[in-house]
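Residue strings, one per chain:
Protein chains: 2
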Amino acid sequence: MSNQKLLVVGTMAFDEIITPSETSGKVLGGAATYIGLAAAYAQAETGIVSVVGNDFTEEHLQLLRDRNIDLSGVEQVADQPSFYWKGKYHSNMNSRDTLDTQLNVLANFSPKVPTYFKDARVVMLGNLDPNVQQQVLDQLTPNPQRVVLLDTMNFWMDSQLEALLRVIKQVDVITINDEEAIQLSGKNNLVMAAKAIHAMGPSFVIIKKGEHGALLFHSEGPFYAPALPLDQVIDPTGAGDSFAGGLSGYLTKQNAVTAKEIKQGILYGTAAASICVGGMGTKGLEKADGQVFAHQLQKLEQLRTIV
Amino acid sequence: MSNQKLLVVGTMAFDEIITPSETSGKVLGGAATYIGLAAAYAQAETGIVSVVGNDFTEEHLQLLRDRNIDLSGVEQVADQPSFYWKGKYHSNMNSRDTLDTQLNVLANFSPKVPTYFKDARVVMLGNLDPNVQQQVLDQLTPNPQRVVLLDTMNFWMDSQLEALLRVIKQVDVITINDEEAIQLSGKNNLVMAAKAIHAMGPSFVIIKKGEHGALLFHSEGPFYAPALPLDQVIDPTGAGDSFAGGLSGYLTKQNAVTAKEIKQGILYGTAAASICVGGMGTKGLEKADGQVFAHQLQKLEQLRTIV
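So the protein sequences, as listed, match chains P and D.
The first sequence begins at 8 in my numbering and counts up one residue at a time.
The second sequence begins at 8 in my numbering and counts up one residue at a time.
A hint or two may mislead.
Intra- or inter-copy, both count: the list cannot distinguish identical chains.
[What the hints assert, rightly or not] The calculated BS3-like cross-link candidates involving lysine-lysine, where the alpha carbons are at most 30 Å apart (straight line), are:
#, residue 1, residue 2
1, 216, 270
2, 216, 119
3, 290, 194
4, 216, 202
5, 194, 294
If you're looking for bench data, these hints aren't it; they were derived computationally from the structure.
This is chain P alone, in the form it adopts within the complex:
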């Protein structure tokens, strides 16, 4: 049996989130933070590679360590603040405007993968500059059972397409939202888009459709995992990262990764995302323990079941 290590690269950040009913103030955020918190539901042995600034407190770090997340790959820069993002959601919560982005420590981030995680079974490349994602891949030692997952967004298609396509070629699983799949592929239909992205490298193309769930395309035909209908969405920030975290955490604990495990992992991701959106920032994930997570998984099963 291969090791059960999950290596995550992504931002650790501060966010300020404005929803129609609430303003968060400066709160913990970042793709790697959400991924790590969500992967913890699967009790994966997770290590994060990231960078934080002088405003990141011991309390923030301890929150992650408490969930068995190794932070030896997180560099702390003494003379700069952490990456900062401020955004405002529209009334239907399905779209948002970025009000401010400050790269800060991220501007010169050079990821260093701890030796212990170089042979990680599962590698989750969280949404980040594809050149940084590539630097992480370059530091890995071979593991024949490795599974590499990638999450990305339109910003990198606009600014770093070549580097992004190079990374995409090397990954097994890509998670991407519907609009971005259309943009990346140049197709105007999700089925055609998924086929085109499949041809770019990944065996498994997962299209995230927000409240409508997620679609998996692979060589054996599509699979559709609906999202839980929620009577209240507090804050969608981090939902996609939580999805990636639940999925990659689940895969880390499996002996084999075939379509079956990917599908089950998508349910894990969906459950994590449904928890994430139930609180401001990371609060939803922070509050919900394994029992709550199991309950969400059960509700997802009921949602899909006829009898």
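Dock chain D against chain P, hints included.
Quick look at chain D alone, frame taken from chain P:
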């Protein structure tokens, strides 16, 4: 065992449909036409109550009779043309503009339910003036096992809300699209909207989400039936009616109608809708036989299945 008769009320019409790639010319259309064609996959004994004009040919009627659809409740008016609708789809096929509507024979339509269908086990009230839907309900004879389904749209919410609410109170199952559920309920969230509509009368609230599938809300919690991802949508006209037809046709053949049958019926409706959008107007349904329908059902099962 109760009878297995399905009574359908709705329009029979001529449509002119403009999609980004094709213009249909004047083709067979109308809610009852689509419902009848789709219900035929379940081999339900269907009777339609409707009205047509002097432009409706024997060929059009025979097309329906060939599928075992009883047209004795279809009045033919000698001195007027049939109901006519012309619409143009936008490039993404998810929205459309109505370019022309001519009520013609529909303006003075007074439905007459044939005696044989007055005790029908299942009654499908297709999208139509709720006052006409009510006139059909008023002519029925009691059947303790009766199931009444209603499909409606925003036009009637705007123009005939009181009559619509009265009909809604009397039905067991309502099918309504997501935007219209929001409008009808005054809520801004689908879960809350479904609860509010449930409180208006129907035990089963089915929210149609187009390419994203359909959600069932009832007393035991939600069920989500994804739609088949399609690599090509030729014409979405009639998809909602086909959904209603597949569902009501299936229910007509069941001994009991509980949540289980409704869920299975939603899969029938989803399969019929996926066939409908594969051709201009009714061409998709006309071409696809029972074997094609069974294949669509099988693909829907695979779409929902992990192993």
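Against the structure, the hints:
no. : hint       : verdict
1   : 216 to 270 : both (15 Å within a copy, 23 Å between copies)
2   : 216 to 119 : neither (33 Å within a copy, 45 Å between copies)
3   : 290 to 194 : between (37 Å within a copy, 26 Å between copies)
4   : 216 to 202 : both (17 Å within a copy, 24 Å between copies)
5   : 194 to 294 : between (40 Å within a copy, 28 Å between copies)
In the structure shown, a violation is registered for the earlier hint numbered 2 alone.
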